[in-house]
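Below are the chains, spelled out letter by letter.
Number of protein chains: 4
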Amino acid sequence: MEREHNYMPERIRWKRKLFRIIFKADTKLGKLFDIFLLVLILLSTFIVMMESVRIFDAKLHKVFVIVEVIITIFFTVEYALRIITIKNKKDYIFSFFGIIDFLAILPFYLSLFIPITKYFLIIRMLRMLRIFRILNLMDFMNDGYFIVTALKNSSRKIYIFLLFLMIFSVIVGSMMFMVEGDREGFESIPQSVYWAVVTVTTVGYGDVSPGTPLGKFLSVLLMLAGYSIIAVPTGIVTAEMRNKRQELGKSCSRCGNNDIDDDARFCKICGEKVV
Amino acid sequence: MEREHNYMPERIRWKRKLFRIIFKADTKLGKLFDIFLLVLILLSTFIVMMESVRIFDAKLHKVFVIVEVIITIFFTVEYALRIITIKNKKDYIFSFFGIIDFLAILPFYLSLFIPITKYFLIIRMLRMLRIFRILNLMDFMNDGYFIVTALKNSSRKIYIFLLFLMIFSVIVGSMMFMVEGDREGFESIPQSVYWAVVTVTTVGYGDVSPGTPLGKFLSVLLMLAGYSIIAVPTGIVTAEMRNKRQELGKSCSRCGNNDIDDDARFCKICGEKVV
Amino acid sequence: MEREHNYMPERIRWKRKLFRIIFKADTKLGKLFDIFLLVLILLSTFIVMMESVRIFDAKLHKVFVIVEVIITIFFTVEYALRIITIKNKKDYIFSFFGIIDFLAILPFYLSLFIPITKYFLIIRMLRMLRIFRILNLMDFMNDGYFIVTALKNSSRKIYIFLLFLMIFSVIVGSMMFMVEGDREGFESIPQSVYWAVVTVTTVGYGDVSPGTPLGKFLSVLLMLAGYSIIAVPTGIVTAEMRNKRQELGKSCSRCGNNDIDDDARFCKICGEKVV
Amino acid sequence: MEREHNYMPERIRWKRKLFRIIFKADTKLGKLFDIFLLVLILLSTFIVMMESVRIFDAKLHKVFVIVEVIITIFFTVEYALRIITIKNKKDYIFSFFGIIDFLAILPFYLSLFIPITKYFLIIRMLRMLRIFRILNLMDFMNDGYFIVTALKNSSRKIYIFLLFLMIFSVIVGSMMFMVEGDREGFESIPQSVYWAVVTVTTVGYGDVSPGTPLGKFLSVLLMLAGYSIIAVPTGIVTAEMRNKRQELGKSCSRCGNNDIDDDARFCKICGEKVV
Numbered sequence: 001m002e003r004e005h006n007y008m009p010e011r012i013r014w015k016r017k018l019f020r021i022i023f024k025a026d027t028k029l030g031k032l033f034d035i036f037l038l039v040l041i042l043l044s045t046f047i048v049m050m051e052s053v054r055i056f057d058a059k060l061h062k063v064f065v066i067v068e069v070i071i072t073i074f075f076t077v078e079y080a081l082r083i084i085t086i087k088n089k090k091d092y093i094f095s096f097f098g099i100i101d102f103l104a105i106l107p108f109y110l111s112l113f114i115p116i117t118k119y120f121l122i123i124r125m126l127r128m129l130r131i132f133r134i135l136n137l138m139d140f141m142n143d144g145y146f147i148v149t150a151l152k153n154s155s156r157k158i159y160i161f162l163l164f165l166m167i168f169s170v171i172v173g174s175m176m177f178m179v180e181g182d183r184e185g186f187e188s189i190p191q192s193v194y195w196a197v198v199t200v201t202t203v204g205y206g207d208v209s210p211g212t213p214l215g216k217f218l219s220v221l222l223m224l225a226g227y228s229i230i231a232v233p234t235g236i237v238t239a240e241m242r243n244k245r246q247e248l249g250k251s252c253s254r255c256g257n258n259d260i261d262d263d264a265r266f267c268k269i270c271g272e273k274v275v
Numbered sequence: 001m002e003r004e005h006n007y008m009p010e011r012i013r014w015k016r017k018l019f020r021i022i023f024k025a026d027t028k029l030g031k032l033f034d035i036f037l038l039v040l041i042l043l044s045t046f047i048v049m050m051e052s053v054r055i056f057d058a059k060l061h062k063v064f065v066i067v068e069v070i071i072t073i074f075f076t077v078e079y080a081l082r083i084i085t086i087k088n089k090k091d092y093i094f095s096f097f098g099i100i101d102f103l104a105i106l107p108f109y110l111s112l113f114i115p116i117t118k119y120f121l122i123i124r125m126l127r128m129l130r131i132f133r134i135l136n137l138m139d140f141m142n143d144g145y146f147i148v149t150a151l152k153n154s155s156r157k158i159y160i161f162l163l164f165l166m167i168f169s170v171i172v173g174s175m176m177f178m179v180e181g182d183r184e185g186f187e188s189i190p191q192s193v194y195w196a197v198v199t200v201t202t203v204g205y206g207d208v209s210p211g212t213p214l215g216k217f218l219s220v221l222l223m224l225a226g227y228s229i230i231a232v233p234t235g236i237v238t239a240e241m242r243n244k245r246q247e248l249g250k251s252c253s254r255c256g257n258n259d260i261d262d263d264a265r266f267c268k269i270c271g272e273k274v275v
Numbered sequence: 001m002e003r004e005h006n007y008m009p010e011r012i013r014w015k016r017k018l019f020r021i022i023f024k025a026d027t028k029l030g031k032l033f034d035i036f037l038l039v040l041i042l043l044s045t046f047i048v049m050m051e052s053v054r055i056f057d058a059k060l061h062k063v064f065v066i067v068e069v070i071i072t073i074f075f076t077v078e079y080a081l082r083i084i085t086i087k088n089k090k091d092y093i094f095s096f097f098g099i100i101d102f103l104a105i106l107p108f109y110l111s112l113f114i115p116i117t118k119y120f121l122i123i124r125m126l127r128m129l130r131i132f133r134i135l136n137l138m139d140f141m142n143d144g145y146f147i148v149t150a151l152k153n154s155s156r157k158i159y160i161f162l163l164f165l166m167i168f169s170v171i172v173g174s175m176m177f178m179v180e181g182d183r184e185g186f187e188s189i190p191q192s193v194y195w196a197v198v199t200v201t202t203v204g205y206g207d208v209s210p211g212t213p214l215g216k217f218l219s220v221l222l223m224l225a226g227y228s229i230i231a232v233p234t235g236i237v238t239a240e241m242r243n244k245r246q247e248l249g250k251s252c253s254r255c256g257n258n259d260i261d262d263d264a265r266f267c268k269i270c271g272e273k274v275v
Numbered sequence: 001m002e003r004e005h006n007y008m009p010e011r012i013r014w015k016r017k018l019f020r021i022i023f024k025a026d027t028k029l030g031k032l033f034d035i036f037l038l039v040l041i042l043l044s045t046f047i048v049m050m051e052s053v054r055i056f057d058a059k060l061h062k063v064f065v066i067v068e069v070i071i072t073i074f075f076t077v078e079y080a081l082r083i084i085t086i087k088n089k090k091d092y093i094f095s096f097f098g099i100i101d102f103l104a105i106l107p108f109y110l111s112l113f114i115p116i117t118k119y120f121l122i123i124r125m126l127r128m129l130r131i132f133r134i135l136n137l138m139d140f141m142n143d144g145y146f147i148v149t150a151l152k153n154s155s156r157k158i159y160i161f162l163l164f165l166m167i168f169s170v171i172v173g174s175m176m177f178m179v180e181g182d183r184e185g186f187e188s189i190p191q192s193v194y195w196a197v198v199t200v201t202t203v204g205y206g207d208v209s210p211g212t213p214l215g216k217f218l219s220v221l222l223m224l225a226g227y228s229i230i231a232v233p234t235g236i237v238t239a240e241m242r243n244k245r246q247e248l249g250k251s252c253s254r255c256g257n258n259d260i261d262d263d264a265r266f267c268k269i270c271g272e273k274v275v
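Residue numbers (UniProt numbering), protein chains in the order written: chain A, 1 to 275; chain B, 1 to 275; chain C, 1 to 275; chain D, 1 to 275.
Pulled out of the complex, with its shape left as it was, chain A reads as follows (with noise of 0.2 Å):
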């Protein structure tokens, strides 16, 4: 291995130790690299940020602009030298954090043409996913996945449960708007229906709100609804936690299922005694 090492052209190696460092979190400079990644994205979103306060801006514009454009620089490069370092380009360039890395970048060449894209620049915060690599905290990591999996697993039920959801506040607010059409906030349906979504979600900003008997009662009924309903994403996302759970905890000495729920006795696929 050494040997063959040795052999290689200065470019390839150059090549692999920058992948190391850049792609990885194992080495000391990788680590580094990692984390002042992680200080330039904060820094990057808490400039964006700023920038919007008018005050801020209004003090501050040059010193934002120069530190955004150093900054992006640096994203540039960055991106420019995974793409370079890495053997399979087309998988990095397709994967999710590939195309964060370069939504990253975009706002701030298309902001030279429309100022008000810059904004996008926030976009930049969901680089900070990579924090968990970072700092190797598998840990972390696995809870995270957890999480992410136990939402992608219910997914379809909840698409159903808010399509249903949807279905009953356009009818709901198509009632309010027959009800209260002449208050302000009923005017039209679309504009009952978010009024609909504001109530049955409990949100309830108070911008628009009911007046007559009869609205205040469908109010009282929708809120009622909306109060046990509320009770149907939390049971799904609560079976599948518990599902889940498992998945990441004992696996079969056998055939290495590691699906293994706390209170099996036998495996589920091999049927040995679990220890």
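Worth flagging that the hints you see were computed from the coordinates, not collected in a lab. A portion of the hints provided could be inaccurate.
Because identical chains cannot be distinguished in the list, a pair is counted as satisfied if it fits within a single copy or across any two copies.
List of simulated lysine-lysine pairs, DSBU-like, C-alpha gap at most 35 Å [claimed, not checked]:
| id | residue 1 | residue 2 |
| --- | --- | --- |
| 1 | Lys-24 | Lys-89 |
| 2 | Lys-118 | Lys-89 |
| 3 | Lys-152 | Lys-24 |
| 4 | Lys-152 | Lys-31 |
| 5 | Lys-152 | Lys-118 |
As the structure is a prediction and not an experimental result, all values here were calculated from the model.
On the provided structure of chain A, position chains B, C and D as indicated by the hints.
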């Protein structure tokens, strides 16, 4: 079979063909018909919503009316054909979807006499529930059925819970009426009960809120109560869902364990092979 | 038995008959009496509510007063008969329903001296809880009992949770008072605590809301906390319900133990196999 | 034992006696001392709260100050005695309650120089957590421990969930800033993020609410998201609690089943006698 078919009078053959297109989705034409129906439902819902927005209605009133007339004629013809082609006419007419199909066209004809009833057309949205059959999505249907069943099985418990909640809200509302009677929003017991429900369900519009220290103290108790008892419907539905999961599945022939996963080949409790 | 009955003095036979009508619902007259009672309770509640609405009271004050007098006289007579016909008078008078029955008539007589106490009549609604017995709905009674038991068993944990929540709200409220002291709604610590509870329970009236950036930042933390810890009462009640479920399910054929879990194969009390 | 005791110098015997009164609650004096302490804590909290109300402070400022001085002197002496009488001084001083005891007196002395810090006295409320020990309520302590443990064990998952939620809120907030930038309450990204958190947690103050149709549409999506993902922390804590229930309990010596109820005498899975 083939023969018998050939002997059928032309009229009956046509009826069978139409029945299959309209009611089933297992032929190409049947699928196309269903998708076309879905588009019409969405378009119709969209137009009713837009028509309720004054500025759109002012500009496009004629277009809206024409499209609505066309869609309603189509729906009427479709409804007639459904009744003609099906054998068991009574069963269809009084089934859930039969009633929906009827209610989807009724408001239009009613609105010729009483204009406001036009907005009941929004009930057409319920026809969207056919979407599950249209795309032949068995998994989606199962999930929808799962949610509906869990809610249906929990419904008696939830009704009792809502009865408790209503009695509680009326009593708390009356107390608040005595405490805050002079303040706007608490002028009568029904008004105060409305406020109590808004609070206990954690909606909290803020159109009515307590003014006196004692009133605020009572509100705090009510909020804490609402925050705690939201657990009740959630607990009911979650327990029900966990149960449904098991009921829908297999059970072990030896030990009767009914928590058998879909991919299980052996009972996790006694090690028996799952048939 | 029959004989003994015949020898009973007329007075006692009447008492027995009345007792059965008033307290039980297993005879036709008893059922009718209970339904009549339920109607009166609803009517009385409705009238007290309507009386609090100024415009209705202005028009119909006399009608309201007359109906109320009649209903209260009926309830008073009924209360007297209940005491007369029952054997164990003390047990009834100090039972839950005995106290409710008394409180249902007290406010009327009190209101002759102190008018405002009239609205306490709303407590009559609690008599509606008899509804379960009236309609002899065993299943409904079981479900109501199920909810009450689950809440009772969880109550100690929920009280402790609420104690934590109160301490937390007082501390957060005090911090907000120091941060936003000059803003309306945060002028004193009790006011700020009120705001903190409104926020942490996700009610969010909006009658008080933070104004300074630091205040908004603290609010965001508080909301996220409230959003997360709502899981605690839910978790408590759900776990309790899952446990309680069984109590109404199977029971052991040998020892009669009726606390059989869904996945139990042996009775946990006597070790008998569960069928 | 008795003898050894007699030979102890007077000073040490006093120290032992005091230690038992102050730190324990197993003697009559110890119990009285604890209850007295609890009353003082409540009184002190109450006075700090009342002092913050302008009208009360105007009238009773002197009384408040005097009572506060007396209570603080008592707490200071108590704190000194605690340090003197305990053997392992370091352990106490840096323990949770040691720090609370110190923070309970610090703000008073600080407030002699910086008046506003007086309100930090509210931290004294945390001393109330001793209430569990005071009344020697083992069951309550277990339940409190149960809640704290369940939250602690779920905390890592909940932190990750909140991290996801924050990233999500920042991105949604930025989008709303671009959509509704001209409207009051959306003038900057931090403001819009504040709104996004208010919405996604279903608090919904209504101090900021969307004005444009597109803004309302985005809000509706955000609310539905918030309504759905509230299931995540609930699912996490519920699963954890169900587990804790089992962990705190016994397990079967034959089959390892760890779902053994408190009153179980036989394992419900294998029928083995529970030891």
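Now for the hints, and whether the structure bears them out:
| no. | hint | result |
| --- | --- | --- |
| 1 | Lys-24 - Lys-89 | within (16 Å within a copy, 47 Å between copies) |
| 2 | Lys-118 - Lys-89 | within (28 Å within a copy, 58 Å between copies) |
| 3 | Lys-152 - Lys-24 | both (27 Å within a copy, 31 Å between copies) |
| 4 | Lys-152 - Lys-31 | both (31 Å within a copy, 29 Å between copies) |
| 5 | Lys-152 - Lys-118 | within (32 Å within a copy, 40 Å between copies) |
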